[in-house]
Amino acid sequence: MQKTEPEITAQTLAASSILKEILQDKLLGIYIHGSALGGALKPQSDIDLLTVIKSSLNTEERTKLLTALMQLSGRHPAQNINERCLEVMFFTQADLTANEFPARADFVYGEWLRDSFEAGEVPLPNSDPEYTLVLAQAYSEAFALYGPAAQTLLPQITSERIKAAMRILLPSLVKGLHGDERNVLLTLARMLYTATTGQFTSKERAALWAMTLLSERSADLLSYARMAYLGEITDSWSLRQVEGVALADDLCCRISGLLG
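For the sequence shown, the UniProt record's numbering puts the final residue at 260, and the numbers step up evenly by one.
Hints were generated in silico from the structure; no laboratory data involved.
Certain hints may be false.
Said to hold, decoys possible - Derived lysine to any residue pairs resembling SDA-like cross-links, with alpha carbons at most 20 Å apart:
| no. | residue 1 | residue 2 |
| --- | --- | --- |
| 1 | Lys54 | Leu66 |
| 2 | Lys54 | Ile22 |
| 3 | Lys64 | Glu21 |
| 4 | Lys42 | Trp209 |
| 5 | Lys64 | Glu121 |
| 6 | Lys54 | Ser16 |
| 7 | Lys175 | Asp128 |
| 8 | Lys64 | Ser16 |
| 9 | Lys20 | Ala144 |
| 10 | Lys26 | Leu124 |
| 11 | Lys20 | Asp128 |
Whenever a hint applies, use it, and build me the whole structure from the sequences.
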């Protein structure tokens with residue numbers, strides 16, 4: 001996907017200021033990626049930030065970051081475009097240089113983890129193939145809010161590792177279809193695009209591309225998910241369960257065939 005100027009909101013700038021204040025000399029770079037690079041944030045889009053730090057966070061830094069991000073981030077589902085959900089990933093310079101698989105993040109904040117945070121858990125380092133895909137896409141697309149260009153600090157992820165990450169993530173993604181149909185189907189379309197082309201693109205563009213490969217009925221359902229993502233309609237999946245499963249299975253089979 002061609003790099004475009006991101007949509008930088010007041011909330012994005014506030015998050016950047018928080019990171020600078022807490023991390024100070026430990027901070028090497030802050031990068032915005034994800035939906036904000038597609039020209040405009042969608043109604044339910046998160047604000048995705050990737051942060052590079054000199055060394056692992058200490059307990060005080062983790063606690064301060066968690067408290068500040070929980071206050072700034074909107075709860076899911078976001079009710080106000082000025083209070084979007086934040087997703088913030090922190091990677092150490094050493095882990096990025098090691099470039100292991102799956103990638104290791106030092107700290108991850110996301111609204112899907114809020115319940116555990118409110119129960120007293122603090123993010124600790126962990127490895128996940130999802131982080132590998134985030135780094136792969138950010139390498140070519142992320143926009144620097146602070147620090148050098150993304151390619152200066154982030155590793156270039158090989159196509160073999162991108163495919164391996166998708167292969168690992170695919171079963172759990174499909175398993176989570178019920179209750180999250182729109183996101184899962186669009187993510188599958190984007191995964192199919194990447195598996196086919198070796199490139200990354202937005203959910204809405206991937207859906208348009210995938211629709212040309214599908215039957216008319218399946219293409220209509222993917223279009224329905226896409227329109228809801230763009231805020232053009234309010235989606236309801238209670239009467240579309242069977243069709244949703246069939247589409248997910250179709251997309252999954254296509255992806256699996258390409259990943260080997």
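Hints versus structure:
no.	hint	verdict
1	Lys54 to Leu66	holds, 19 Å
2	Lys54 to Ile22	holds, 13 Å
3	Lys64 to Glu21	holds, 10 Å
4	Lys42 to Trp209	holds, 19 Å
5	Lys64 to Glu121	holds, 13 Å
6	Lys54 to Ser16	holds, 17 Å
7	Lys175 to Asp128	holds, 17 Å
8	Lys64 to Ser16	holds, 14 Å
9	Lys20 to Ala144	holds, 13 Å
10	Lys26 to Leu124	holds, 17 Å
11	Lys20 to Asp128	violated, 26 Å
When each numbered hint is compared with the structure, a violation occurs for hint 11 only.
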